[in-house]
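> Whole structure, please, built from the sequences with the hints as guidance.
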Amino acid sequence: MGYLSPIPIGIADGMVYVLIASGLALTFGTMRLANMAHGGFFMIGAYLLYTFSRVWPSGLFAVIGGMILAIGGTTILGLVAERVIYRRLYGRPQLSAMLGTFALMLAIQGGVGEIWGINPLSVNYPAIDNLRFVSLGGANIPIYSFVIIGAGLLAMVILGIVLYKSRLGLYTRAIAMDRHMASLLGIRTRTVFVVSFAIGCALAGLAGALAVPQIQLDPTLGADYIILGFSLLLIGGLTSIRGALLAGLLIGIVEAYAATDFPYLAGYAIYIVTIAVLLVRPRGIFGAAHEEIEI
Amino acid sequence: MPDTHSFEGTVRASSQLAGPVDPAELQPGTSRRSARARRISGGIWLLGFVLFAVLPFWLPGLGIGDAEGDLYTASLVAIGAVFASGVSFTIGWSGVANFGAQLSYGAGAYVVADLAALHAFEDFILLLVCGALVGLGMALVQSIFIGEKTGFAFGMITLALGQLAYLFVNQTSYLYGTNGIAGVPRGSIFGFDLASSVQFYLATVVCVALTILVVGWLRRTVLGRSLAAARQDPRRALAVGLPTRRCKIIGLCVGGFIAGLAGGLYAMAVGVVDPSLFGWTMGAAPVLAGLVGGIGTLGGPVIGAVIYQVLSTGLATVTTSYVLWTGLVTLVIFMLFPGGLVTVGRQLHGDRLISLYRDGWRRIHREAAPRGHE
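Here the protein sequences line up with chains Y and U, keeping their order.
Take the first sequence: its position 146, counted from the start at 1, is 146 in my numbering, and no numbers get skipped.
Take the second sequence: its position 152, counted from the start at 1, is 152 in my numbering, and no numbers get skipped.
You can take every hint at face value.
Covered, in the sense of this in silico footprint (three residues per stretch, anywhere, with C-beta under 8 Å from a C-beta of chain U), are these stretches of chain Y: (1) 83 to 96; (2) 101 to 113; (3) 223 to 233; (4) 265 to 273.
Incomplete in silico selection of chain U near chain Y, CB under 7 Å: (5) Ala153; (6) Met156; (7) Ile157; (8) Ala160; (9) Gln163; (10) Leu164; (11) Leu167; (12) Leu291; (13) Val323; (14) Leu324; (15) Gly327; (16) Leu328; (17) Thr330; (18) Leu331; (19) Phe334; (20) Met335.
Simulated from the structure, these hints should not be mistaken for laboratory data.
Treat the numbers as computed from the prediction; the structure is a model and nothing was measured.
Ideal Cβ placement from N, Cα and C applies to all residues, glycine included.
Below, the structure is given as structure tokens:
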């Protein structure tokens with residue numbers, strides 16, 4: 001049992017990765033835009049939860065209300081950014097558009113530093129029913145890990161239902177498959193872009209809010225997480241939500257094992273896995289052959 | 001995307017970065033411009049260089065900064081320009097998405113710092129050659145991963161390699177760990193000591209000039225044209241017998257060589273190297289500079305590096321939130337001038353600045369991918 005103890009922590013970390021990567025895969029699939037500012041939205045979600053937790057430090061509402069605030073805030077910011085910036089990037093070459101979003105990422109980093117300060121901040125695990133940790137197989141697992149897993153699963157199930165059971169999801173998948181054909185058939189691509197971008201931002205905000213008690217907050221957080229997010233995207237396949245799910249959980253568990261068994265390798269794990277996967281299968285696990293971005 | 005199916009689509013897909021296929025880019029030894037235009041452009045280059053070399057001596061008199069500080073900033077600008085030129089050649093001219101050029105840059109800096117500070121090497125030129133060769137070596141390591149594709153996936157591999165190097169250098173004690181190497185001397189050239197800021201600055205300006213001349217010359221040679229051909233249309237290039245994979249590797253190595261040189265200069269300019277040189281923002285800076293100025297052009301990266309460096313150092317003295325402002329200014333330049341600042345003249349031709357934003361907006365409406373309902 002002791003050997004399995006990193007798994008719950010790994011899945012909880014992996015759930016955050018899954019949310020980041022699936023948001024990226026969604027925006028990349030529909031808009032064909034490698035959105036570097038996704039990490040910025042993740043960071044804003046995290047900081048919004050921090051602000052909420054200062055007002056409302058414990059109880060179930062601390063978790064749920066904070067998440068709602070983070071999701072709502074990042075969605076609104078995402079819609080504004082879409083209207084002002086992203087819309088003007090759609091027709092650009094991909095590298096140029098990508099670095100435009102990188103400039104936005106820098107601006108978000110600076111803005112967060114202005115609002116919340118550049119010093120590291122942290123949030124305690126919120127106590128639910130006065131309980132912070134549960135013992136499972138000899139390991140102390142924060143009860144919050146189960147909150148992450150539950151919320152992440154719920155979000156992924158909702159995303160799955162939206163993508164595969166609704167008309168909007170049908171349109172989104174059609175656009176991801178062939179944008180020009182979809183618009184010829186009368187799908188309002190602009191509207192779908194806006195909605196899928198908003199969903200991507202909401203996922204980033206939720207990921208940030210969920211991750212926050214486990215990480216230290218500082219303005220470079222977004223930059224750290226966006227490299228991770230793109231690595232996950234490449235492992236899973238650029239536009240694949242299934243790939244994002246698999247890659248996120250895989251990396252979460254691999255990192256959890258690396259942290260307990262090979263502490264000096266912990267930071268390397270994701271890059272080594274990324275390089276290995278790309279060498280064996282350049283399009284990623286679930287990627288289609290034509291999805292490679294050329295610059 | 002259906003681009004892989006139609007021939008026309010392939011052309012568009014592979015040359016997205018630098019616009020449509022340009023036959024003039026492919027003929028060795030020629031220039032698409034008239035003799036008069038070339039004379040004018042040569043004049044602008046010369047004027048720019050003289051200005052670049054003289055300005056830091058002039059600024060303290062105008063009450064901007066102090067003599068030492070201005071020279072120091074100007075050396076960093078020059079180093080940024082060298083680095084951006086190299087990266088821009090790799091990405092914009094050869095079409096290899098190297099987002100991890102900090103690997104070459106940091107390695108060059110570390111080697112120069114090690115040789116100069118701990119092994120008492122003094123010769124400026126020899127040190128720089130060592131730095132550049134190590135940068136080239138790092139580019140060769142990256143080139144192991146060049147396969148069929150050199151787009152986004154390769155860019156992410158280079159980024160991952162850079163992050164690996166960052167972690168490795170941070171944790172490895174014989175590379176001096178997180179402390180890095182301090183007290184790097186600036187060496188001497190033909191017996192002249194470069195320790196003073198004035199002499200060192202002039203040496204960096206010479207390095208910028210040499211880099212520009214070499215890159216400009218390289219672009220006109222058969223080799224340079226082959227690299228452009230391999231970027232513009234890999235299939236056609238392969239069909240006429242160009243070894244496209246080797247072309248990509250050469251483009252990567254030229255960029256790595258120049259990045260190593262820039263890293264060596266940086267080590268001598270600042271006197272300290274630490275693992276943050278391998279941080280990914282180090283590699284992003286020249287790419288952003290290239291895009292602000294115009295990637296794949298000769299002058300663009302230099303202009304971009306000047307703007308980028310002056311912004312980040314200049315704003316740091318005025319406001320604490322210089323990251324915010326750097327990001328915003330870069331974003332605005334991006335929005336207004338998609339081709340980079342070197343295309344401003346072309347864009348403004350017969351147009352007013354006021355209508356530019358709206359025009360770009362309209363053009364995107366017309367041409368951009370979302371062709372659905374309005």
